[in-house]
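Peer 1: As a plain string of letters, each chain reads:
Protein chains: 6
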Amino acid sequence: MAKKLFDYQLDETVDGFFLLKDAEVRVAKNGKKFLAINFQDTSGEISGKFWDASDQDIEHFQAGCVIHLKGKRENYQGNPQIKIQQMRLTRPGEPQSVQQFVEHAPLKTSTMEEQLNTYVFAITEPNWNRIVRHLLNDLHADFFSFPAAKKNHHAFAGGLAYHTLSILKLAKAVADQYPHVNRPLLYAGAILHDMGKTIEMSGPVSTTYTLAGNLVGHIVLIDEKIVETCQQLKIDEQSESVLVLRHMILAHHGLLEYGSPVRPHVMEAEILHDLDELDASIQMMQTSLSHTEPGTYTERIFAMDGRNFYRPSNDQTKGAAPSHD
Amino acid sequence: MAKKLFDYQLDETVDGFFLLKDAEVRVAKNGKKFLAINFQDTSGEISGKFWDASDQDIEHFQAGCVIHLKGKRENYQGNPQIKIQQMRLTRPGEPQSVQQFVEHAPLKTSTMEEQLNTYVFAITEPNWNRIVRHLLNDLHADFFSFPAAKKNHHAFAGGLAYHTLSILKLAKAVADQYPHVNRPLLYAGAILHDMGKTIEMSGPVSTTYTLAGNLVGHIVLIDEKIVETCQQLKIDEQSESVLVLRHMILAHHGLLEYGSPVRPHVMEAEILHDLDELDASIQMMQTSLSHTEPGTYTERIFAMDGRNFYRPSNDQTKGAAPSHD
Amino acid sequence: MAKKLFDYQLDETVDGFFLLKDAEVRVAKNGKKFLAINFQDTSGEISGKFWDASDQDIEHFQAGCVIHLKGKRENYQGNPQIKIQQMRLTRPGEPQSVQQFVEHAPLKTSTMEEQLNTYVFAITEPNWNRIVRHLLNDLHADFFSFPAAKKNHHAFAGGLAYHTLSILKLAKAVADQYPHVNRPLLYAGAILHDMGKTIEMSGPVSTTYTLAGNLVGHIVLIDEKIVETCQQLKIDEQSESVLVLRHMILAHHGLLEYGSPVRPHVMEAEILHDLDELDASIQMMQTSLSHTEPGTYTERIFAMDGRNFYRPSNDQTKGAAPSHD
Amino acid sequence: MAKKLFDYQLDETVDGFFLLKDAEVRVAKNGKKFLAINFQDTSGEISGKFWDASDQDIEHFQAGCVIHLKGKRENYQGNPQIKIQQMRLTRPGEPQSVQQFVEHAPLKTSTMEEQLNTYVFAITEPNWNRIVRHLLNDLHADFFSFPAAKKNHHAFAGGLAYHTLSILKLAKAVADQYPHVNRPLLYAGAILHDMGKTIEMSGPVSTTYTLAGNLVGHIVLIDEKIVETCQQLKIDEQSESVLVLRHMILAHHGLLEYGSPVRPHVMEAEILHDLDELDASIQMMQTSLSHTEPGTYTERIFAMDGRNFYRPSNDQTKGAAPSHD
Amino acid sequence: MAKKLFDYQLDETVDGFFLLKDAEVRVAKNGKKFLAINFQDTSGEISGKFWDASDQDIEHFQAGCVIHLKGKRENYQGNPQIKIQQMRLTRPGEPQSVQQFVEHAPLKTSTMEEQLNTYVFAITEPNWNRIVRHLLNDLHADFFSFPAAKKNHHAFAGGLAYHTLSILKLAKAVADQYPHVNRPLLYAGAILHDMGKTIEMSGPVSTTYTLAGNLVGHIVLIDEKIVETCQQLKIDEQSESVLVLRHMILAHHGLLEYGSPVRPHVMEAEILHDLDELDASIQMMQTSLSHTEPGTYTERIFAMDGRNFYRPSNDQTKGAAPSHD
Amino acid sequence: MAKKLFDYQLDETVDGFFLLKDAEVRVAKNGKKFLAINFQDTSGEISGKFWDASDQDIEHFQAGCVIHLKGKRENYQGNPQIKIQQMRLTRPGEPQSVQQFVEHAPLKTSTMEEQLNTYVFAITEPNWNRIVRHLLNDLHADFFSFPAAKKNHHAFAGGLAYHTLSILKLAKAVADQYPHVNRPLLYAGAILHDMGKTIEMSGPVSTTYTLAGNLVGHIVLIDEKIVETCQQLKIDEQSESVLVLRHMILAHHGLLEYGSPVRPHVMEAEILHDLDELDASIQMMQTSLSHTEPGTYTERIFAMDGRNFYRPSNDQTKGAAPSHD
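Residue numbers (the working numbering), protein chains in the order written: chain L, 326 to 650; chain G, 326 to 650; chain U, 326 to 650; chain F, 326 to 650; chain R, 326 to 650; chain W, 326 to 650.
It cannot be assumed that every hint is accurate.
Partner residues aside, some chain W positions facing chain L, computed with beta carbon under 10 Å [to be verified]:
#1 K346
#2 V352
#3 V423
#4 V427
#5 L536
#6 N539
Simulated from the structure, these hints should not be mistaken for laboratory data.
Note that beta-carbon positions come from the ideal geometry of N, C-alpha and C, so glycine has one too.
Could you build all of it, start to finish, from the sequences and the hints given here?
Peer 2: Laid out in structure tokens, this is it:
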């Protein structure tokens, strides 16, 4: 089986097919153009520079292409990079499909759908159940294919659904442990909380923010969808149960500074916020640690206040990267 | 003509009809109940204590009653208060109507409506014009009767419309001076920016926050109304012009910390935010200064970081309180 | 069965035995002394004032006494209070034991011990296991009787062990869900993280901070105990596994501002911090909500940034106060 | 008529006369020297690199020279730049005057003087009027030629007077709208508020900060000038009217963090601060937006918290750059 | 010799002459007027309440009077207070002079003058020396009689000069230890740094802030005096040595947030700021600790972030209050 | 005598022996490897780049080598650098010893030991004296050879002892001036406060942080040593005098944000914190100013909020660099 990008050791010769995630034209100090590239496969991304790019090269090698690469795995200021020796587009009979190079959630879509359904069943409040089902139906394809973020945590295809599911599993543990928790409310809020990202972002590949994302933001975008859904399903949008559900989503960033227009004032909204942060943190730490040798530190993680994390020498638990099926 | 509350000098005998704005039952240090009262008429509010309140007193003297009061204008820790000597409910033939004791905007409703219309005419972008007219129509009564806030600035009947109008006048001056400003966008945003307060607050008298106000907030509440309006008027709610208009409202608090889910990223949204703050500040300073003797300081204004303001000795401009028609 | 403090309705006559949690001598505005009292039983605390206290009264009614009280359940500025009509020390044959009036953890000590043991078994790293057992043994009595804090969350007898156990249950759910988590490390850190409070605080009743608590603090106090334990057990205190364990405790407040001398730089330390906050928050919200009528708000919770929480009208989950066995 | 710098499209050949705003000697990665240049004309600035600079080149091409340039308009990491093909000093008969390449305020000096005078007339308080006239006279040349800042807003020749005039126009609108505003005070404060910049900065071209600017700052520098003026004009500098005027200038940055030694405690000082910020913000947004295509975002504006601003697709108002006479 | 206020033990009968530092008329909960008094002598201040004050009492007992008091030393919420039994104005032959009740610096004025002179001699830069002498001469009486602050540190008569002298002594130690320090600059800055307080504050007794203090502030007020002095002494006020001296004063609060218009950018300015804070902190801690029993904590000191300080049980050094000559 | 690195003027030819402080392999834009070097001798550090490094070069030129260098002193973006013309390892008979190129404290170790002893004698409290002596003995070699920090202040061999001694001298001046200061406590705390750095850092050359440094930190590391010492010396570690001493060290960073687990609550702890900051600041300013021409500014000092400092034109005091013996 073909080697993955992160299987190559320092100074080893790289030879294989990869996706060009980014290929940006820049001008070198000597005045010539080059391409600043990110190569991608399911093991992650590594950068490289294609020097002295001709106009034809620039036209051929665009983000989203699959290419064949020969080169050398080097280090540049502590980060891995590829020194490109030869690069060409793929030929007939060689891999063409972008899908096989993109990182995916560690669970299949069908598995995630099934697991999600068990949580939907547990939403016993009828209005919340109908709203959740309606929106899951409406935004189904995007919900299961989008990442949870452009970068940082769960920035892979299917990441939105996977992150949602992780929160639901934590939510179940919390609801089992604390009997005062309103389980249907917590589940409904968890499922909807980030669904606005399907409108805020452009899609699972080469993700950018939409104008609606920049000017309105995913929190308000999904709130509007809930209100629309109420009108279509003839649910009174001013009823207390709808207000409380909307509050779950509006407050889930926890602090106004993080973009929530209101802070949590319902217990389940506070819990949803906490679990959202907990899952995102663990996911970011796990990803970084799985690329880190025992006895050394991860790179600094921007979204965790720039902290780095130590992987203890004898810690076996972080040894294997999460398996991708 | 009858003397107003703020016409009485220190140690003068008070004798007249007033509104009980608040009448809260408390227990004194000696164990007996008393009423902590705020008397109100159009000149403002002054507190007083009704000692040794019987159960009957408590039942009679409730917030919202008009009463006849005899007492003495005193000072308590720097603030005016009334020492109550005699207090009774009004009798037939005496003033009963709450309206005449409540502070109103310095302009008549009809005047405000007229002035507002000239700004609506200037909204030449058809979708914005239709959305603004529809919502002005829909929320008409509340828009012209609600205060702009529970306390702080424009906390009087009609304050919401009056504050909106003040901003529009400043907006006109800005649009006249800076030709790059999109006048229709600035006007449309100004008219809608605080309209959600008609849903967030309970009404013009004894104002409290509604559940929707606490759990959703006026910014998102009016955003939802704009989306609904688009659906009713068959305007594409995802069109750029609607997104930009919604952004005007969503961003008008300027900072995330102040409850806007997004910061201003459109020039007119930044200007609207600045004018909103400017008008609120001037209104608060004017109100405090008009109760302040030349050569002394106002009380500390909570919403302006607790600063007090000096009224210069020879400053004639702040002499008269704003006239109430 | 005797009525509890919180069973009495507004204006109902109170008649029963209670603990004087505090009884502070103050001087009234009229110059006479009175006692500012907090009455306590297992349902919570309510304040009251004993007016015109004689020197003998002051001598008799001291914090820690059980008394018999007749009075009336009133409200003072939104908070419940007791108007004292008659108060006396208990007589022979009447309740004397402080224990039956003090709020306890909802689990029996023996149950908590048993449950805790299952987690200790799961600490498969031998040094961590020995350190944990040694300190649990050493501080056993205090660990199971102390509160987790002087006020705020888990401020009841046995609260420290109960809070520790709650975190362990959450930790199990997290370790089950995320295979990269080092379970023995997370459990060991969770058990030790607040154990320094047995040195920081004076005890389970009328809790105050010790000098060591004020000048050193519970985080460093337990760190020192770990180091001592290593010396006694001949474990190399500079070994990586001990440093990592100490880091778990030192970093568990998450931020330097909250008193941790280092921020979390090990994944399990970050998770421990998150779970500590999650359990404390839920506990505080549950306690407040269980005293709050459906359709109303709790009082503002100081340790949650002064936020209040809404108990939805139709929310059955928060109906019953947590049962005390 | 000759093309301006910003008239050239991407990849177009540049051929014309420009000012060298900066020409800094640096060492390339290959060890050879090059000049990092900013070319300037009235349409703005674009950077370029002059590779392999000889000692003679370095001597010739100094900041402040007018040169003839042949090159190509390219992009480097999102910013426009010129790839230099040929560059030489101008010859007799070719443009030599720096003035025609420097960006100027959009109004002629004589126009600004005239307009300013109408505001001076309206300062009816005799002391303020005399102080303002005296300082305008004293610092006349610099006041009308200096920029308002080294970079950020109004960083062009005449920017200081132009910014002052813009604020005065806003001040007039505010004074017309709010009758409590002391118009003479607001005008006098507006005229003087930034006049210290003529001492703080070195001049209109290649602006740097003076030692007095760094160690004392423009706020205190002009305050000192006011005090000196009082002594020369025999005005009592401790009189209330002078103290209030000085306060206008001292407080105009609004917050201590922004370098004001006192916060505004006079209504007109607060208003001056607000209008100063409003004009600076609009100027920065207008400048950026006029270089931005409809349907795209400006670059991030450092002095506005690094925000970028969207220029709506159909927004005609921002189409034309401000005309330079 | 007569007992001082702080010599009386709890519950002891007070009988002696004291100064009324404040005597504020308030209204009691029972509606009657009382005087909230602070009694003062050189040992400090203690509060008391004069109940049921008649109009004549109010007229007689004003701030600044010396009175004869009989009463009892009590405690009110942890703070000492006097229960007044009898109070009357002094009669002929009894103490009348305010001076003997006011707290003074622990050094005589003549001693402070002498000590200060030795530092002035060491200012070998002629301009700085002349400026310092001129201002010391000009503001001599106030400089040696004013407090250094209205409350917090050195809030006693002569406190300004005493605080200045303490800083000079520390400055000498620093200049002796670090040879790079410009001693004349540090001494000149130290002497002038707080001299503006003689204009900012009303005087040594019943100190309030002047209008100039509120609108301009002591930092800029003394800066202006330095500029005036330069003009009178024909020293070029724009010379580097004067700019650097002015910078010492302008920057001495260290941070813009603390009211300095510029941060320290000269080494001696940074040192002056540090020594200013160090002396103020020690003075506040010493004062509080000298009123605190060994083995207990001081009250919380507002100007030190509300911290309290522990006086160790066996610490003899803090036993005696600073002696007053 | 041989020229030092900082003796060479701009464009002068460098020819001499230096230490390679760092020699990091990087990849140039043209794809070839180069070494990013810091040359060091006792006058400081200057960077340089060794282009087109062969594998043999990389192997030879490693951090810690002494080399012979020919090159040219240039400037790169405002910072001095060396353009390398020729570089080789030293030959027999040429300088080999790293020690003579490393910057040392300005005092000899023996002098520092002697001076320190006089302060140890003054610690008259027996327990503190024994603890201090024991730890000084235990960590003797490292205490006198380690720097006080990896970079910023006192980052030279012997810097830890030198910094400690400077604080002690300031402490003596303070204790002499303020009689309430507990001199033995202040001295003992000063000697121990940074001793944990001998465990936190790897050593005096090429200093890095140890795992214990990163996970525990020097404050807690020395606290643990104090506790151990108590056990060995049979001193009760819970006695008040030990708690107070530990508090001195634990609180010496002043603020929780700076890594102290408790803020100072003992007067001497507050003073120690202030003197620590004062000495570090002066040291950083002196070092920068001694490399700065009169009439210009230092580079920005990161650890002083990025401020730069002006060296006045006529300031002779900062002329000479501190002498190294």
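Peer 1: Each hint needs a verdict: does it hold in this structure or not?
Peer 2: Status of the hints after comparison with the structure:
1. Hint status for K346 of chain W: violated, given a least beta-carbon distance of 18 Å to chain L, over 10 Å.
2. The closest approach between the C-beta of V352 of chain W and any C-beta of chain L is roughly 5 Å, which is under the 10 Å cut-off, so the hint is satisfied.
3. Hint status for V423 of chain W relative to chain L: violated, with the closest Cβ pair at about 26 Å, above 10 Å.
4. A hinted interface residue such as V427 of chain W counts as satisfied when its beta carbon comes closer than 10 Å to some beta carbon of chain L; here the least separation is about 26 Å, so the hint is violated.
5. With a cut of 10 Å, the hint placing L536 of chain W at the interface with chain L holds, because the nearest CB-to-CB distance is about 7 Å.
6. The criterion of a C-beta within 10 Å of any C-beta in chain L is met by N539 of chain W, whose closest approach is roughly 7 Å, and the hint holds.
Hints 1, 3, 4, counting from the list given before, are not met by this structure.
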